[in-house]
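Enquirer: Residue strings, one per chain:
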Amino acid sequence: MIGFIKRLDWPGYVLALFLIFFILLPIVTVFLWAFTEQWFYPSVLPTKWGLRYWFKVLERPDVWAAFFTSVQLSAIVTALSAVICLPAAYAFARMEFPGKQFFMMSFLMGNAFPRFALIISIAVLFLTLNLVGTYLGVVIIQLLNTILLMIWLPTAAFQAVSRNMEEAAMDVGASPLRVFWHITLPQALPAIGAALLMTFVWTFYETEGAWLVGAPRVQTMPLLMMSMINNQLVVQYGAVLSVALWVPSLVALLLARRVMGSDSFAKGLGA
Amino acid sequence: MASLSLAGVSKEFNKMTAVSPLSLDIADGELVCLLGPSGSGKSTLLRMIGGFEAPSSGQVLIAGQDVAHTRPDKRPTAMVFQSHALWTHMNVFDNVAFGLKLRKLSKAAIETKVMEALELVGLGGYHKRMPRQLSGGQQQRVAIARCLVLEPKILLMDEPFASLDQHLRERLREEVRQIQRKLKITTLFVTHAQDEALALADRIVVMSMGAIEQVGTPDDIYANPQTQFVANFIGTMNMIPGAVSGGRIRASGFDLDAGFSDGPATLAIRPEDFAITETGTTVLVKRVVNLGPFLLAEAEHADGTAITVHLDKTHPVREGSSLTLTAKRHAIYRDGEKPYRSQPTA
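Respectively, the protein sequence lines represent chains A and B. Just so you know, the first sequence maps onto residues 1 to 271 in my numbering. Just so you know, the second sequence maps onto residues 1001 to 1346 in my numbering.
Think of the hints as simulated: they come from the structure by calculation, not from any bench. Each residue gets a CB set at the ideal place from its N, CA and C atoms; glycine is no exception. There's no promise every hint is true.
Stretch-level coverage of chain A by chain B, calculated; a stretch enters the list once three of its residues show a Cβ under 8 Å from a Cβ in chain B [to be verified]:
1. 28-36
2. 100-108
3. 176-188
Okay, derived cross-link-like pairs now, EDC-like style, lysine to aspartate or glutamate, Cα gap no bigger than 16 Å in a straight line [as the list claims (entries may be wrong)]:
4. B/Lys1074 to A/Glu166
5. B/Lys1074 to A/Glu59
6. B/Lys1184 to B/Asp1303
7. B/Lys1286 to B/Glu1300
8. B/Lys1286 to B/Asp1262
9. B/Lys1338 to B/Asp1262
Required output: the full structure, derived from the provided sequences and hints.
Expert: Right under this line is the structure:
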C-alpha cells in the first residue's frame, strides 16, 4: 500500500486537478447551460434538459447577421494580412535591409504593451480619421492584431527552407520567381497554412478592437455574445452562443488537419 | 560538353579573401578534383563556376564565353550538392523532370529522358517514390540524375558523398566515374578526401587557404608533391628537420643527396620509400599495426624524431626491436617549397 502511494506522481495529479478546475470545469459548465431548460439550486445537474434556447437563439436575425459579419470580416482580414505580411515575411527571411532586426522586434514590442490601452490609443486616432463605427475601421484594427503572427511564423517557415533546395532549382533553370512558386512556397506552406488558420480564428474571436472601434454599428459574434451575457437575464443565451462560437474554430482545425496532415500542421506550429 | 577556363578568378567576403586570384584550364570531358581541407576555398570556387557566388574579379569561361556574372539558371552548368537538396514535396520523377518542364519539352520527351536518367543512375522503377522513402545513397543518385537529364556542359559536384558511409562512397564514386566516362562530361568534383580524389580524377587541383598549391595527375601529385602542404595533405609523409651542407642533407641519421645551397631544410620520405638495409639509420620500433597487405611500424630515432615505415610481411618486426633504414626516394623542402627531389633508387 505504501509502495503504491509512493509510486503516485503527486505533482502530476495536482497539475491535472488544476487543469480540470480552471479549464475543463468552466467549459463543462457552459456546455451544461447551453442544453439546460431548468436548473434550480441545489441540484448539481440541470433539472430539465432541452434545445429550446438553441431554437430561440438561432431564430434571431441579429445572430445570423453577426455570424456572417464575423465570417466576412475574418476572411477579409486574413486575406489582406496574407497579401501584406507574406511578402514582408519573405523579405525578413531572405533579404538584407537596414533596420531589419528593429522592425522584426517592433512587431513583438507592439504586443508587449497592455493590449486594451494600445487599442484605445488607436481608437482615438481612428476617431480623428472618422473610422470609428465603420466596417473599414474594424478591418484595420483587426488587421493590426494579425501582423505579429502572420510575419513571425511565415518568416521562420521561409528561413527553414534549405538554401540548397532553392539553389538546386535555380541550377536546373528556374528563375527567382519560379523558385519561390515551385520550391520555397510549397516547402513553407504547412506553416503558412497554420498561420492563416490561426489568423482567421483569432480574428473571428477578436473582441476588444471590434468593440472599441466597431460597436454598436458593426456587430460581430463575440460582441453579440457579450451583449447577450451583459443584458439578458437568461444565462442560456450566452451559453448557446459560446458553444456556437466554438464550432467554427473546431471545424477549421479539423479541416486543416485533414488538408495538411497532422505532422505538417504540427510542424507549422513549431512542433 | 565544353572546356572550362578560370582567368584570375578571386572572391572576397567582407574584405576577407576566400579565393585569391587564380587561373585554371579544364579540358573538354576531363574530370578534375578540387582537393583541400575545410576553408581552402574549393567550394567557393565551385559556387562561382555554378553562379551562386559572383567573383570579385576575373573571368569564368565556358566554351570560351564569360559567364562570371550570369545567373545560375542561365548557365550551362549543373550542380550536385552535398546535402542532396532534393525537393521533398515532389516525388523522384518530378524532381528529375523539373528542369525539363521549365524547358517546355513535350510530356512524352520528358518521360523518356527522366526514365533514361533514372536507369543510368540505377534507380529505374523508383520514379514514384518520395525522397523520404529513399536511402542517402539513393537520394544522391536522384540528385545526379536531376543534373544529368539536362545534359549540362559542365557538371559540378560539391562533396556529393560526404554524408555517406565509406562502402557506399566507394561504390558511388566508381559509378560516377563510369557515367562521366560514358557521357564524356566535363566535371569538377570538390572533395576533402584524398582517396576519393586519387581514385576519381584525371587531374587534381590541391588548394589551401584560397590558393592553388599544385595541379597534376593523381600519380604526379602523390609522387611529386611540389609543396610541403601537398606532401603532408596527400598520403603520409615523414617530415624530418635537418640541414644541407656541402650538397648533402643530414637529418636524424640520414645522409642523402641534396643538390642545393646550404642551410636548414626538411627531409621528406614516404613510409613506403624506406628500404631495410644493413647500414643506415637505426630506429626503435614503438608500435606495429597490421594493415592487411602490409605492416605499419611507428618508430623513433634516438633524437626523438618519429618515423612511420611501411613494411611488407616478409620483414616481420616486433615492438621494441630496431630497424636500419635507408631512403629509396626522398624530397627536400625549404620554406614550404620543394627545391630538390631524388630519383628513386632500386
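Enquirer: Does the stretch 28-36 of chain A contain three or more residues whose Cβ lies closer than 8 Å to a Cβ of chain B?
Expert: The restraint on the stretch 28-36 of chain A is violated, since only 0 of its residues have a Cβ under 8 Å from chain B and three are required.
Enquirer: Take the C-alpha atoms of B/Lys1074 and A/Glu166, compute the straight-line distance between them, and say whether it is at most 16 Å.
Expert: holds, 15 Å
Enquirer: Tell me if the straight-line CA distance from B/Lys1074 to A/Glu59 falls inside 16 Å.
Expert: violated, 64 Å
Enquirer: Residue count check for the stretch 176-188 of chain A against chain B: does it reach three with CB-CB under 8 Å?
Expert: Held - the stretch 176-188 of chain A has 5 residues with a Cβ nearer than 8 Å to chain B, which meets the minimum of three.
Enquirer: Against the 16 Å threshold, does the CA-CA distance of B/Lys1338 and B/Asp1262 hold or violate the hint?
Expert: holds, 14 Å
Enquirer: Given the hinted pair B/Lys1286 and B/Glu1300, is their alpha-carbon gap at most 16 Å?
Expert: holds, 7 Å
Enquirer: Do at least three Cβ atoms from the stretch 100-108 of chain A come closer than 8 Å to Cβ atoms of chain B?
Expert: violated (count 0)
Enquirer: For a C-alpha distance cap of 16 Å, please report whether B/Lys1286 and B/Asp1262 respect it.
Expert: violated, 33 Å
Enquirer: So if I understand the rule, the pair passes when the alpha-carbon distance is 16 Å or less; does B/Lys1184 with B/Asp1303 pass?
Expert: violated, 53 Å
Violated hints, in rising order: 1, 2, 5, 6 and 8; the structure is consistent with all others.
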